[in-house]
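A.B. asks: Here the protein sequences come in this chain order: A and B. Note that numbering that gives the first Met the number 0 has the first sequence beginning at 0, numbered continuously upward. Note that numbering that gives the first Met the number 0 has the second sequence beginning at 0, numbered continuously upward.
Hints are computed from structural coordinates only; laboratory data are not their basis. Hints are not guaranteed to be accurate.
Stated by the list, open to error - Listed next, the stretches of chain A that the computed footprint assigns to chain B, with coverage defined by at least 3 CB atoms under 8 angstroms from CB atoms of chain B: (1) 3-14; (2) 22-30; (3) 33-45.
Claimed, not checked - Only pairs whose alpha carbons sit at most 27 angstroms apart, straight line, appear in this in silico DSS-like list of lysine-lysine: (4) Lys173(B) - Lys30(B); (5) Lys21(B) - Lys262(B); (6) Lys145(B) - Lys84(B); (7) Lys132(B) - Lys92(A); (8) Lys33(B) - Lys92(A); (9) Lys173(B) - Lys21(B).
Stated by the list, open to error - Just some of the chain B residues that point at chain A, by a computed CB distance under 7 angstroms: (10) Gly41; (11) Pro43; (12) Tyr44; (13) Leu47; (14) Met48; (15) Val51; (16) Pro65; (17) Ser138; (18) Phe209; (19) Leu210; (20) Phe211; (21) Glu212; (22) Pro213; (23) Val218; (24) Leu222.
Model, not experiment: these values are computed from the prediction. Just so you know, even glycine gets a beta-carbon here, dropped at the ideal spot from N, CA and C.
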Amino acid sequence: MANTLQLQIVTPDAQAYSELVEMVTLPGAEGEMGVYPNHVPLMTQIVPGEIVVRKDGQEVYLAVGEGFVEITGERVAVLTDMAIPVDQIDETKAEEARQRAEARLSEQLNDEESATVHASLANSLAQITVKRRRQRH
Amino acid sequence: MPSTRDIRRRIKSVKNTAQITKAMQMVAASKMRKAQQAALAGRPYADLMNKVLAALVTESKDFSHPLVERRQGQTRCVIVVSTDKGLCGGLNSALMRDAAKFEPGTKFISAGRKASQFLARTKRALVAEFTYKDAPSFSEARAISKFAQDVYLKGEADRVDILFTRFVSTLVQKPETRQLLPVGEIKPVTAGVGAKAEEGREAGAGWGEFLFEPNQEQVLGALLPHSLNFQVYQILLEAKASEHSARMVAMKNATDNAQQFIKDLTLEYNKLRQANITKELLEISTAAMAMG
Chain A
0 MANTLQLQIV
10 TPDAQAYSEL
20 VEMVTLPGAE
30 GEMGVYPNHV
40 PLMTQIVPGE
50 IVVRKDGQEV
60 YLAVGEGFVE
70 ITGERVAVLT
80 DMAIPVDQID
90 ETKAEEARQR
100 AEARLSEQLN
110 DEESATVHAS
120 LANSLAQITV
130 KRRRQRH
Chain B
0 MPSTRDIRRR
10 IKSVKNTAQI
20 TKAMQMVAAS
30 KMRKAQQAAL
40 AGRPYADLMN
50 KVLAALVTES
60 KDFSHPLVER
70 RQGQTRCVIV
80 VSTDKGLCGG
90 LNSALMRDAA
100 KFEPGTKFIS
110 AGRKASQFLA
120 RTKRALVAEF
130 TYKDAPSFSE
140 ARAISKFAQD
150 VYLKGEADRV
160 DILFTRFVST
170 LVQKPETRQL
180 LPVGEIKPVT
190 AGVGAKAEEG
200 REAGAGWGEF
210 LFEPNQEQVL
220 GALLPHSLNF
230 QVYQILLEAK
240 ASEHSARMVA
250 MKNATDNAQQ
260 FIKDLTLEYN
270 KLRQANITKE
280 LLEISTAAMA
290 MG
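Looking at chain B on its own, in the form it has when it is part of the complex (with noise of 0.2 angstroms):
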């Protein structure tokens, strides 16, 4: 049987837990609405960039470039955007579970510590690290797509995916595996609520061949690589944007457990206080009726 001193110890304890949980889901809360609003506001470039592209691949027929190139061998790379902290709920666990089922020839890139830790553990092909801030630069972006194409272009992998966790909604995240290299068809990157897939297909239609200037190798070597930068980016945006998402609610749910936590110890002191005092009136009555 806890003593009254012990139960008011414990609540104590528990109210200052709260206070950091509830600390930190604020914290997450803004850096969340942030978050979302950069990933939103990269959408436009996005969309443009695949319309583009997406002509561009229908256009020019005679298209190719080391980038579009399939090729027969089966090693695959795979980039795993993980966060860098843990307190975020489910989020890293359910994204390595995904890690962990690329066959074990596997060669792995890694952006953020949770990532590298996770690989580093099970003792997979680590080929690089990296790790990106809380609010992605594109050079950090640039950094990591330009890894993965040299891979690519040396014949070190035939295949390059990345892993990362999609943004839903504040609630949901979900990790994906999207297909970077080769280039193939080419998607629209997501991101933010209510997000609407756009049709890609539709522009330069009934124009015709396009012209380049100054040629066509030129502008699509340096477009294609530009691309894949920008989607590397969009998705170091979304995967933050689920981390902050993810670690608010985990940090509601803790907070909220630590209030429920603190209403019941706290009925609980109240009725040992109570008994206790129920306890000294029979002494002290039974003590007056004693001496009567």
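Isolated chain A (complex conformation) (with noise of 0.2 angstroms):
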């Protein structure tokens, strides 16, 4: 049996990720979930947060937005509206946008705005959260 996984994610306007990997992190709906290889077949939701990928001992870590995941034995499609290596985050526009968000909320909404504002800024807060936790290191 393969002791790797196939790694794919992509968003609307790009393949942001794929490469072959040993152990994938994603932030699943239901909490936090590990996927190592020869996983039982499982499709999920994730919400706006962190996925580590761990490609040959070394950590790599992505701000990814809502999404689905597909998980066979051997890999792990990631479909997301938002994916964003640690490393290309720039942390002032996140944190403009998440106040541009905050802003926007206090005023009259329609659903679908709502949800579009509701989005953008968990997508903000995601690559804020992120960007500090992993710069400590």
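Could you use the hints to bring the two separately framed chains together as a complex?
C.D. replies: Here it is in structure tokens:
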């Protein structure tokens, strides 16, 4: 059996990540979830947060938005609306986006708008959290 | 017989037209590149989404969801995706020819101003109008798709199709009708030059049943509408790529025609000028002879 996973992370704009990895940790809807090779086939949803990828003993961090994950024994496919590696996160920009979103929350919004604002707020929060947590190391 | 001054005036006006069409051609060319790139960039996502869905539909036998359910009724609803502006050759007229073929009872949803105008003029049942920007955003696509799903779920239509211009190549765009609801066979949305149809059924093969977390209803309930939204988004991108390609080609033809016209007019102008000079010379020499 294979002892690596083919990890694919795609967003509507591009294929963000595609590598053979040893392990991946996902921000599942029901809590954090670690996936090793030969995992049982699983479909799940993810919430905005952090994906930790272990490859060749090194850890890589990505901030991701809402999405879906398909896991088979040898493949993990992540469909999400945002995926940014930690070294490409611009903290000031994310912070600005968070403040903009928060300011808009206080306005009168219809369902559609409020869903969009909440999504962008969650995305920018995820970026900020990931960036700050990983800077300390 | 026009005078030389008349011809000069016409040449000037044709030159102005050529300048404008040339500028529009350039703008369309750059927009076309952007639109094509956007359509191509979304393909890995679309492919993967289709794979996942196809795997799910084949894997889970007891699969049922209101959006998948087939109904007996005959009421149809069609989303027509057109452009906002004209000057793009036969793109919209080809599209409208197809739109006019649907049975009289069909309900229509329009995206783009040309479709709204056409449907209003032909007095079709237009239930909603949507607009989308030059760079279509996902939220615009979601609004359209959400409305279509509501229409379907409320039972106002038993089948929803989408009519748009498929981007085949820069020179060829074809109107195409695709079934959106109920979700049937899952087909990848192809876009761009040399797009390959992806085999969607191999995923998950040999892996038995999928587990779902939190549960099947919730995952499918979220995934199905999302995949429809994304499908509409891909279609909007493709329609934009078609529009800009068609406009670029139309404007290139217009520029070429104007240039040819300028050439013809210049030739005529020179002939006339030459004739005038010859006439004057003749007059002078005749006068000189008469004097002598």
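A.B. asks: Hint by hint, say whether it matches the structure.
C.D. replies: Going down the list of hints, with the structure as the test:
1. 3-14: Since 7 is at least three, the answer is holds.
2. 22-30: holds (count 3)
3. 33-45: holds (count 6)
4. Lys173(B) - Lys30(B): Roughly 19 angstroms between the alpha carbons, so the hint for lysine 173(B) and lysine 30(B) holds.
5. Lys21(B) - Lys262(B): With Cα atoms ~17 angstroms apart, lysine 21(B) and lysine 262(B) stay inside 27 angstroms; holds.
6. Lys145(B) - Lys84(B): Holds: lysine 145(B) and lysine 84(B) sit about 25 angstroms apart, inside 27 angstroms.
7. Lys132(B) - Lys92(A): holds (25 angstroms)
8. Lys33(B) - Lys92(A): holds (25 angstroms)
9. Lys173(B) - Lys21(B): holds (25 angstroms)
10. Gly41: Hint on glycine 41(B): holds, closest Cβ of chain A at ~5 angstroms, below 7 angstroms.
11. Pro43: OK, holds: proline 43(B) within 7 angstroms of chain A, min 4 angstroms.
12. Tyr44: Hint holds; tyrosine 44(B) Cβ to chain A Cβ min 5 angstroms, cut 7 angstroms.
13. Leu47: holds (5 angstroms)
14. Met48: holds (6 angstroms)
15. Val51: With a closest approach of 5 angstroms, the valine 51(B) hint holds.
16. Pro65: Cβ of proline 65(B) sits 19 angstroms from chain A, so the hint is violated.
17. Ser138: With a minimum Cβ separation of about 6 angstroms from chain A (threshold 7 angstroms), the hint on serine 138(B) holds.
18. Phe209: holds (5 angstroms)
19. Leu210: Interface hint status for leucine 210(B): holds (5 angstroms vs cutoff 7 angstroms).
20. Phe211: holds (5 angstroms)
21. Glu212: holds (4 angstroms)
22. Pro213: Result: holds, 6 angstroms to nearest chain A Cβ.
23. Val218: Hint holds; valine 218(B) Cβ to chain A Cβ min 5 angstroms, cut 7 angstroms.
24. Leu222: Interface hint status for leucine 222(B): holds (6 angstroms vs cutoff 7 angstroms).
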